[in-house]
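A.B. asks: Listed below are the residues making up each chain.
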Amino acid sequence: MVIFFVLAVMLVGLSLLVVFVRNVVHAAVALVAALMIIAIFFLTLQAPMVGVLQIMVYAGAIMVLFLFVIMFLNPMTPERPRRAWWGLGVLSASLLAIMLLFMVSKGQLGAGPLAGTEWFGSPETLAKSLFTEFVLPFEIASIVLLVAIVGAVVLAKRER
Amino acid sequence: MVPLNYYLILSAIVFAIGVVGVLIRRNLIVVLMSIELMLNAVNLTFIAFSRFLGSMEGQVVVFFVMAVAAAEAVIGLAIIISVFRHRETLDPQEMQLLKW
Numbered sequence: 001m002v003i004f005f006v007l008a009v010m011l012v013g014l015s016l017l018v019v020f021v022r023n024v025v026h027a028a029v030a031l032v033a034a035l036m037i038i039a040i041f042f043l044t045l046q047a048p049m050v051g052v053l054q055i056m057v058y059a060g061a062i063m064v065l066f067l068f069v070i071m072f073l074n075p076m077t078p079e080r081p082r083r084a085w086w087g088l089g090v091l092s093a094s095l096l097a098i099m100l101l102f103m104v105s106k107g108q109l110g111a112g113p114l115a116g117t118e119w120f121g122s123p124e125t126l127a128k129s130l131f132t133e134f135v136l137p138f139e140i141a142s143i144v145l146l147v148a149i150v151g152a153v154v155l156a157k158r159e160r
Numbered sequence: 001m002v003p004l005n006y007y008l009i010l011s012a013i014v015f016a017i018g019v020v021g022v023l024i025r026r027n028l029i030v031v032l033m034s035i036e037l038m039l040n041a042v043n044l045t046f047i048a049f050s051r052f053l054g055s056m057e058g059q060v061v062v063f064f065v066m067a068v069a070a071a072e073a074v075i076g077l078a079i080i081i082s083v084f085r086h087r088e089t090l091d092p093q094e095m096q097l098l099k100w
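Going down the list, the protein sequences come from chains H and W.
Residue numbering for the first sequence follows our numbering, starting at 1 and increasing by one per position.
Residue numbering for the second sequence follows our numbering, starting at 1 and increasing by one per position.
Next comes chain W alone, as it looks inside the complex (with noise of 0.2 angstroms):
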């Protein structure tokens, strides 16, 4: 059986990937990707401490947090859509009417 140590490392790195994509990259469908990814990250270890204290709380958490992440990605992109038809972009940085 492989330690709960072993899942969280690894779910850091993911997380830790990911916020990487979130910074440096100028396209926001991987932007949102990397968002994705983060949350996945922190499932797995929602499930790994499910597991190891033997509670179902942390399923029933992945659960709503599914649900969420399913609706963050329905609104997201709808608003990439319509920055889209408005400026013909997907970079970020072309995107500051409201930065003085």
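Isolated chain H, as found in the complex (with noise of 0.2 angstroms):
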């Protein structure tokens, strides 16, 4: 439970670090801190195998993918404030976090969990689940993997 609230608090915090640090290279380290604390989050909810796939997918591959672009372009030029949608920003969002915390309020899924077996989430049982109910969905995610390679070689090709 203690652990739970430091890890929370961590998480928002470096949520706000994303989004209103300055600076775009500091923005994606924080990202990547918040990404790890995510996957400590899929760790203790017995989702071993999602949250190691987390950690090499997200704050290992998209991450540096990320990194790479903003060396890439090295956008020197300082981003100017956009101060008039601040409020519409700021105010949208906490309405939609008023309308979230009310709805997650008013449920009542506030048992304890479901008594999950030792084995619950192991790369055994997801597979399991992955390749008998979900095959259709997994062949056309490797088709959407492939047509977004495709699309970035081509998107990303100098003209000439």
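Quick caveat, the hints were computed from the structure, so don't treat them as lab data.
As the structure is a prediction and not an experimental result, all values here were calculated from the model.
There may be inaccurate statements among the hints.
Only part of the chain W face toward chain H is listed, based on derived beta-carbon distances under 8 angstroms [as the list claims (entries may be wrong)]: (1) 23; (2) 27; (3) 77; (4) 96; (5) 97.
Pulled a few chain H residues facing chain W out of the computed Cβ check, cut under 8 angstroms [as the list claims (entries may be wrong)]: (6) 4; (7) 6; (8) 53; (9) 104; (10) 129; (11) 134; (12) 148.
Don't be surprised by glycine CBs; every beta carbon is placed ideally from N, CA and C.
Quick one: dock chain against chain with the hints and give me the complex.
C.D. replies: In structure tokens, the structure reads:
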């Protein structure tokens, strides 16, 4: 319980850093730390496979790609603050947060967890579910990734 | 054991912070990172429900969300690179050629 609150405060603080820090590289590093903390949450929720994938795919691959693009473009022009949008942004986000918190507080799911077995989220059970019930979405996901690769190559190609 | 509601509240807060980032930042890369933050908040909700309802479906959905998020990041960054080559800016306000 104490660990949950420590991690939750760290996660919220790092998310605020991602949004409000001026330096893009610092925001990216804060996002890496936030993704790591979410991975720790996954591990405590008995989802070890997804947690490891989170670290490898998100904190590893995707964020390296982000940092690579930041270094590649190297946008040195400082960002002009968009004052007019601050009120609207904060207002709509706080409205959304209030709405979500209200819905959550109305829910009756506060009871304890179902007695999961020791190997609830193991790679074996995840793979069993993935390759029996969800075979078709799995194959479609591979096509999505292929299209993304081809699209990225075409988009980033230098025109001549 | 932490109750389910705490996870839902935490993920709602993180999602709202991501919305703020999309709305108020003027840097396309930070906007894309805020979208990733929102996707991760939703992933946390999925995993929490999967644990508390004792079903595997939530974890499988998170797997697919990760695959689609990787594709989205790749395409988004490729578009940003291509736009930056033409305009030398990352400000979404500057990209209004289709607006009248």
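A.B. asks: Determine for every hint whether it applies to the structure shown.
C.D. replies: A quick look at each hint next to the structure:
no.	hint	verdict
1	23	3 angstroms, holds
2	27	5 angstroms, holds
3	77	5 angstroms, holds
4	96	14 angstroms, violated
5	97	17 angstroms, violated
6	4	5 angstroms, holds
7	6	12 angstroms, violated
8	53	6 angstroms, holds
9	104	4 angstroms, holds
10	129	4 angstroms, holds
11	134	5 angstroms, holds
12	148	4 angstroms, holds
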